[in-house]
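These protein sequence lines map, in sequence, to chains Z and F. At position 258 of the first sequence (counting the first as 1) the number is 257 in numbering that gives the first Met the number 0, and the numbers step up by one without a gap. At position 15 of the second sequence (counting the first as 1) the number is 14 in numbering that gives the first Met the number 0, and the numbers step up by one without a gap.
Please note that the accuracy of each hint is not assured.
Since copy identity is lost for identical chains, a pair holds within one copy or between any two.
[What the hints assert, rightly or not] Listed next, the in silico SDA-like pairs over lysine to any residue satisfying Cα-Cα at most 20 Å (straight line): (1) 244 <-> 230; (2) 209 <-> 169; (3) 261 <-> 171; (4) 244 <-> 210.
FYI, nobody ran anything at the bench for these hints, they're computed from the structure.
There are 2 protein chains.
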Amino acid sequence: MAREARYARVRRIVGLTRRLTAAPGRLYSLAELAAETGAARSTVSEDVALIDEVLREAGQGGVETVTGAAGGVRWLDTVSAARARELVQALIVELSDPERIIPGGFLYMTDVIFSPHWAERIGALIATRFLPLGPDMVLTMETKGIPLALTTARALGLPLAVARRESRVTEGPSLSLNVVSSSGRIGAMSLPRRAIPQGSRVLIVDDFMKGGSTARGLEDLCRELGAKAIGCAALCETPAPNPRKALEYFSLLRLEAVDDAKRAVSLSPAESFTRYLEEAGSDA
Amino acid sequence: MAREARYARVRRIVGLTRRLTAAPGRLYSLAELAAETGAARSTVSEDVALIDEVLREAGQGGVETVTGAAGGVRWLDTVSAARARELVQALIVELSDPERIIPGGFLYMTDVIFSPHWAERIGALIATRFLPLGPDMVLTMETKGIPLALTTARALGLPLAVARRESRVTEGPSLSLNVVSSSGRIGAMSLPRRAIPQGSRVLIVDDFMKGGSTARGLEDLCRELGAKAIGCAALCETPAPNPRKALEYFSLLRLEAVDDAKRAVSLSPAESFTRYLEEAGSDA
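With the rest of the complex left out, here is chain Z (with noise of 0.2 Å):
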């Protein structure tokens, strides 16, 4: 290979890595590429599938070919399994630090939920444990489920509806429904019609998962909009975690005791959490 010619293919390299991985869950069909970088589709393949290589070593998700007339490759940003141990650790290790707790035996978690570089994570793990599902839409109820959802989203190259405490007259006719929490308290939830097709199979994902109400009043809002809720993600749930039996459930920590006195956080990896990777190791 000339000088020359190896030099474009490392230029090709980099542009397509960069088009590939800035888009989790995008189709790129082959002659699209071929058309952008100037080379040839068995180029580009081949191409792509030392990105693949290189990026599946490296724990860094995968390019996967989708064939047929509307194929293509697109890269997904999946979790291997020692990465979702890997960051579960880490969360363990940050919210388990005395300073977080509050009096009155709660734990501070906002920073992390609103954090880009943990939020990313999560979502990519949440998107990986619910991709084989095909889900085609990520619903979260506001105000914190928000960032999770939106990486999860994100990572599975969808679109996100929030629901919200009031219906607004700025975005038209909603629906809207009463939730009564595990402690008896009744909130609202309203969605615009408009934001979940008909015949949507849609993932729910949420912070925190305690009794299971709001994850019942999201799956029940997607019912009366003709769409299907498919699973329920959350990032941390309490010891009495209730979603609905229908619904795949994954959460990734549970919260035993939150300990004001003795300034100890008792958190652990949740079930559902350790059900996964177990699976997910077996299949590796």
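Mind docking chain F on chain Z? Use the hints.
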């Protein structure tokens, strides 16, 4: 160069491109990248220069070198003037669709605001505009400001704080204040004390700028916490945006009118955007 060595270089380039672009704003020392790739620092340095060159040519940001003992390289998702113009034009086309008109003269923008795809590009542009001011924190008001604020923070490699309408017992000591909107409505705004460190230089990001009362409230919150608001960005403004003069202000779009009867949307690039483009263009 032997075939093996060439292959190793291409593989290294894939890994480095992914590594740098996955974490905008994050500083990597050359020693760190050399250790990871098993190559000499001078080799990694050459690779990074090439990656920078290709990404810059494609308008995909660039790699910045930070000199000094704590120095290294970091990729910034800077948006060129050409890409910025394209983005704003694409937003105008997307949002001017008469199907978006909601009875009462409102425009349905929620899907765009919550879309990971749009939010990421808008956030990168806002980040590019405010990077020279050296913010070290991004702040928004719940709910619709969150996606844009999160993607802006991601592009800058900064943390995000979100003010809420009520203070929460789960978030510890909070600072609350009331704001009076231009329509005379009084609303509360609350932020956990620990969300913004003293001395922070804060960039305010929101979806909509009407009278500017939200931005003024957020600016006041910053001051009360011993921090300083240095800029304010919005996706869209109405004809009379009114941020405080002292604050650098930037909006992408101006929504002049939504005519329900004529089914017409009057949307244009905001004046602050046009001015920014002129200045960015003259720098290039």
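Here is what the structure says about each hint:
In this assembly of identical chains, residue 244 and residue 230 lie within 20 Å of each other by CA distance solely inside one copy; the values are 10 Å within and 48 Å between copies. In this assembly of identical chains, the alpha carbons of residue 209 and residue 169 lie at most 20 Å apart only when taken from different copies (14 Å versus 31 Å within one copy). Only between protomers do residue 261 and residue 171 lie at most 20 Å apart by alpha-carbon distance; the minimum there is 18 Å, versus 51 Å within a single protomer. Taking the closest pair of Cα atoms, residue 244 and residue 210 come within 20 Å of each other only inside a single copy of the chain (13 Å); across copies the shortest separation is 47 Å, beyond that limit.
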